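Trainee: Got chain A; can you put chain B on it based on the hints?
2 protein chains.
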Amino acid sequence: MSNDVRAAWRPRPGTPIDGVATPALVVDLDAMERNIARMADYARERGLRLRPHAKTHKSGEVARRQMAAGAVGVCVQKLSEAEALAAAGIEDLYISNEVVDRVKLARVAALAGRVRLAIAVDSMPGIERLAAAVAAAGSEIDVYVEVDVGQGRCGAAPPAAGALAQQVVAHPGLRFAGLQAYHGKAQHLRSPTEREAAIRHAADLARAAQASITSAGIACPLVTGAGTGSFPFEAASGVWGELQAGSYVFMDRDYADNDPPAHAPRFEHALFVKSQVMSRGVAHAVVDAGHKAHAVDSGMPRVHGRDLGFANGGDEHGVLTARGDALPELGETIWLIPGHCDPTVNLHDHYVVVRGGLERGVVEAVWPVDARGCLV
Amino acid sequence: MSNDVRAAWRPRPGTPIDGVATPALVVDLDAMERNIARMADYARERGLRLRPHAKTHKSGEVARRQMAAGAVGVCVQKLSEAEALAAAGIEDLYISNEVVDRVKLARVAALAGRVRLAIAVDSMPGIERLAAAVAAAGSEIDVYVEVDVGQGRCGAAPPAAGALAQQVVAHPGLRFAGLQAYHGKAQHLRSPTEREAAIRHAADLARAAQASITSAGIACPLVTGAGTGSFPFEAASGVWGELQAGSYVFMDRDYADNDPPAHAPRFEHALFVKSQVMSRGVAHAVVDAGHKAHAVDSGMPRVHGRDLGFANGGDEHGVLTARGDALPELGETIWLIPGHCDPTVNLHDHYVVVRGGLERGVVEAVWPVDARGCLV
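For the protein sequence lines, the chains are A and B, in the order given. Here the first sequence is numbered in my numbering, starting from 1 and rising by one per residue. Here the second sequence is numbered in my numbering, starting from 1001 and rising by one per residue.
Next comes chain A alone, as it looks inside the complex:
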């Protein structure tokens, strides 16, 4: 029944943008299409594979558009995300993350029987459990050995990559596919010089892992990784053969706060939270979108098109203050550029997809966030 409530608030295609109830997660479709084309062109011109991270958008529709523009498939971070996107029709999926639970691995193996599936590993027990599950299901799966190239999170030490790859190739259902080498912490170093240095170090570690694998007598087909903040450096390194950037499709405030490097494509903000002024004080205005409507793990959203301050007002409110522009009045629409697009998308059931810009656009479609809440 509560599902009916959420469905009742979905705008119909053809609705003018003013008629979209707030808060709403709005995609500027023209801007998103330009972002998808720019990244696809960039990878194609350099002979690199593009496998965008779908943890950003969790949407079969967006994944399909990325693949139509040239992406080989998409990454996801969780098994249930892969299941949800497979259910939405996406047939080439890479779980760029470790799964060690046996119940989950049985489902990984089952999914590998239905779509082209890849997964990351970083431990001997993880490989053994995956191999057992795949053998039981009679399926096959591509396996990337994850190495820690500076993130300090998952991934084996680079010199251990050879032994892990040997363990992978020992199992007939596991196809060794290469290295997962992603440096998440490099993404938000503000200066391109810092990001370049971090990726240079990551490249050295990835090369050490490649050497460990080849000296074990195994070919390393691919190194995959990179994000929206760093991909020009991975692309230039000669080490990575596949780019996993995800946020470029929407561009959040945090990525836009990076100083861009020279000679890299620029991406536009394509994801917004539409909000409304629902209370007006003397020196502040309150909008109806708090951190249940936009994620604040990477800081506050930016107000789009107006010079106003935004302070956290709790779960359901944001507090605006005047800066270069005067305070808006009760009932006015305020567009927010989320601080971090991935967890913001995960707060919403659907995208309101608008053609013709935010000022006078019209709802062209409503897309479900297919893998929203898919945490397992």
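In case anyone wonders, no lab produced these hints; they're calculated from the structure.
With the Cβ distance kept under 10 Å, some of the chain B side facing chain A (calculated, not the full set):
| hint | residue |
| --- | --- |
| 1 | Thr1022 |
| 2 | Gly1184 |
| 3 | Arg1372 |
Just so we're clear, the structure is a prediction, and the values are computed from it rather than from any experiment. Yeah, the Cβ is synthetic: ideal placement off N, Cα and C, and Gly gets one too.
Mentor: Frame of chain A, contents of chain B only:
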């Protein structure tokens, strides 16, 4: 189809707790029942009404249990939350927040024809629009005038309360019900002395608002407000007649970090995120629950039952470090006490409700988070 994916991961009642896939939102039902009883007893003993805030739990089942223990109804923060809880069978709802959009107000007025409904107002245009909607629908609604008692967010200045109340009583469909006076910022002042001082100031402002109303010749039936961090002070003030605390039902890490006042009921942690170690480094372990599984707006979760550090590992990971206890091994279960329960609940589709504790408990039920994602 993706709904089927999420449904497939719901554990069946009778599942031992070890069989619950991670990450999962788990309610310790015994602890929750004690929390509900303690707060109900507290209010009853003092002759105060209790209307717990359902923005914490967004659940018809939890609301029903609170009302069975004596609560007069529940608060919500958004219209669509009210609609979802009404659909889940809750028939006494207070939207303790302003709504100024005409399309939404038409739905507020329609809902007021189906359940006992109340709403807050803080502006003349807001009252006029509400009155027009209620008149068009032929329904009636309880109206609280919100005053700002220190939060600096919504709410009129206390001396303006009388004029707003006059405007309310001028409309036959609007029943003036009293004052909304909630001081959110007082909730997380760590020392009880600071919280007491903040609520003493809030009480002075609420009295000023009452005086403004009575000098306009209008009776003020009730002052409603208070949260889990401050309610003993509102209760002792003689000003508030109704308590709106919500988080007490689950108790998050942030509220538990408050130094408690003397002579106040203590609440237990009843909400946890079950996670699993999915990668193990030399000096850290990684669990499969990041800020898509628990909200970080009020800081990091605390590891339950073990002395381990927790650092943010991004959307889908948490990074554990050894402190008093050694690092857990690959595959071990780690229980997290969320930093902030309200937005954490909003990330999950269902509660896994466990009887018998976290060590050896059994799933007694799975409850939907009825109003998850109800932002409008």
